[in-house]
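A.B. asks: Residue numbers (the working numbering), protein chains in the order written: chain Y, 1 to 439; chain E, 1 to 62.
Think of the hints as simulated: they come from the structure by calculation, not from any bench. Being a predicted model, the structure only gives us computed values, none of them experimental. Don't take each hint at face value.
[Claimed, not checked] Sample of chain E residues facing chain Y (criterion: CB under 7 Å; computed from the structure):
#, residue
1, 4
2, 5
3, 9
4, 13
5, 15
6, 18
7, 19
8, 22
9, 23
10, 25
11, 31
12, 37
13, 40
14, 48
[Claimed, not checked] Distance ranges between label pairs, derived from CB positions:
#, chain 1, residue 1, chain 2, residue 2, range
15, E, 40, Y, 258, 40 to 50 Å
16, E, 9, Y, 91, 20 to 30 Å
17, Y, 257, E, 9, 20 to 30 Å
18, Y, 214, E, 9, 52 to 62 Å
19, E, 49, Y, 255, 36 to 46 Å
20, Y, 328, E, 44, 52 to 62 Å
21, E, 35, Y, 334, 24 to 34 Å
22, Y, 264, E, 35, 37 to 47 Å
23, Y, 271, E, 44, 19 to 29 Å
24, Y, 328, E, 40, 37 to 47 Å
25, E, 12, Y, 96, 41 to 51 Å
26, Y, 219, E, 32, 55 to 65 Å
27, Y, 275, E, 51, 25 to 35 Å
28, E, 47, Y, 255, 23 to 33 Å
Note that beta-carbon positions come from the ideal geometry of N, C-alpha and C, so glycine has one too.
So the chains spell out like this:
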Amino acid sequence: MAAPPQVVPQVRPLICPNCGGTVNLRGYAQTVNAVCEHCQTILDATTPSLRVIQRFQEKQRIQPLIPLGSRGKLGGVLYEVIGFQQRALEADGETYYWSEYLLLNPFQGYRYLTEYDGHWNSGRTLRLLPQPLSGGKKVQLGPDTFKLFQTAVAQTTYVLGEFPWQVRVGESVKVEDFIWVPRMLSAETSSGEVVWSLAEYVLGTEVWRAFSLPESPPAAKGIYPNQPSPYTGKVASAWKTLLWLLLLWFITVIVVMAMMPNKLVFEHEYSFSGANKAEASFVTPIFELPGRPSNVEVTINTNLDNDWASFNFALINDDTGTAYDFHKEISYYHGRDSDGSYSEGSHAERITLPSMPPGKYYLRVEPDMDDALVPAHSMVYRLGVKRGAPDAFWFIIAFLLLFIPPLWISWRSYSFEQARWQESSGETSSSSSTGGEDD
Amino acid sequence: MFRHPIFALYGLTLLGFASVADYQGWSLLPVHRTENVPRSVRDNPGAYRSIYSGYSRYSGGK
Numbered sequence: 001m002a003a004p005p006q007v008v009p010q011v012r013p014l015i016c017p018n019c020g021g022t023v024n025l026r027g028y029a030q031t032v033n034a035v036c037e038h039c040q041t042i043l044d045a046t047t048p049s050l051r052v053i054q055r056f057q058e059k060q061r062i063q064p065l066i067p068l069g070s071r072g073k074l075g076g077v078l079y080e081v082i083g084f085q086q087r088a089l090e091a092d093g094e095t096y097y098w099s100e101y102l103l104l105n106p107f108q109g110y111r112y113l114t115e116y117d118g119h120w121n122s123g124r125t126l127r128l129l130p131q132p133l134s135g136g137k138k139v140q141l142g143p144d145t146f147k148l149f150q151t152a153v154a155q156t157t158y159v160l161g162e163f164p165w166q167v168r169v170g171e172s173v174k175v176e177d178f179i180w181v182p183r184m185l186s187a188e189t190s191s192g193e194v195v196w197s198l199a200e201y202v203l204g205t206e207v208w209r210a211f212s213l214p215e216s217p218p219a220a221k222g223i224y225p226n227q228p229s230p231y232t233g234k235v236a237s238a239w240k241t242l243l244w245l246l247l248l249w250f251i252t253v254i255v256v257m258a259m260m261p262n263k264l265v266f267e268h269e270y271s272f273s274g275a276n277k278a279e280a281s282f283v284t285p286i287f288e289l290p291g292r293p294s295n296v297e298v299t300i301n302t303n304l305d306n307d308w309a310s311f312n313f314a315l316i317n318d319d320t321g322t323a324y325d326f327h328k329e330i331s332y333y334h335g336r337d338s339d340g341s342y343s344e345g346s347h348a349e350r351i352t353l354p355s356m357p358p359g360k361y362y363l364r365v366e367p368d369m370d371d372a373l374v375p376a377h378s379m380v381y382r383l384g385v386k387r388g389a390p391d392a393f394w395f396i397i398a399f400l401l402l403f404i405p406p407l408w409i410s411w412r413s414y415s416f417e418q419a420r421w422q423e424s425s426g427e428t429s430s431s432s433s434t435g436g437e438d439d
Numbered sequence: 001m002f003r004h005p006i007f008a009l010y011g012l013t014l015l016g017f018a019s020v021a022d023y024q025g026w027s028l029l030p031v032h033r034t035e036n037v038p039r040s041v042r043d044n045p046g047a048y049r050s051i052y053s054g055y056s057r058y059s060g061g062k
């Protein structure tokens, strides 16, 4: 026995009473209104003669980005585009237009796609009623709290295809949008009836892929209310990465500092009097700077008391005759005045010379003090020379620079949220987090 | 561990540079160098003139 022929769903062709063009009905018995694709006349699909409901006065034609009759899979379910409408709202003296595509799967029901400036949302009407919170500024749907983004009056400006409800060009509804990124809850109020719908942000490329559309989708402009932040998850992970790097930084500092020779290669005590008119400069015995190039730290410890001293140094390589000049002033003052006791300066100072090659060196020292005889100025001081003294200057610079990426990402994320809420007529983002994202 | 490979690479580069720089004793501030200082300076230290000779000196506290 031969198998019965497979039944393929067919559209039901009817004749438009306005222009005589063919009207294809794809929504079967659920279609209430249909729009003639030729003359844009809105027809009553519930009457056999397709009674004319509204004639399209303007000759403007809008080409939907997804043609009527296109089929594509969304969430694994095959849908067909059966209706298209353009809607508009006015804000701050400007009119904003967006498109809505009505999709139908005979077994799964209706679904819609919206598009504004390249931003797409896929949604469906809700059977549940969200619970209002905070005087209508928030609504609760399941575990998620949506925040009011905007309230506006939306007007239908263009229709095409067929709809399971009464549709008219020029009809207005009050729209309230609540967001919990990447979702958006919308309440449309008309004649005391509220219809809630839940949509989720989808990429234009996903829509294009789903409907096998040619070329590429229009580029998204600006930031859409429920658009996921590109920094979602990046802020937290950047700070986590920083924590790891800081741990590594700490370990590296300890290891490198422990590897520094920190070897005292010369130390001697000297005295000086400012009243002494003889040549003050002298040279130290020769000492050796061993090993690889590294820093040299010269320390001066004095017994200065309400006095100052100045030192001109030259670290001279005895083999090559290369001299490295440096200078240091030391002062230490203390006492009591009308503000109370004070002290300033220090008895000791240190100078670090960078990356000195190894070799035999000596110091030429030229101390100086006030040459007044009364009071007499003199001091005892101790000079020390260390090879490879621990110095974490570059580690401190690195520590600070490590904070730049997480701070930058945090700032970008903050700026994104600020830009998102800039267009809002509801609550601003500063009071709480945006929604379902983890940052 | 590191979900930001570029940040991790940046951080590791910084740490590597800091390790070498501090280990080698690099500095942003150059030290004045004089070449070919005669050995006689050891016998006559006053013959050497540091670039800091005549440098203005501290004159007192509060």
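A.B. asks: Please write out, lowest number first, the hints stated earlier that are contradicted by the structure.
C.D. replies: 2, 3, 4, 13, 16, 18, 20, 21, 22, 24, 28
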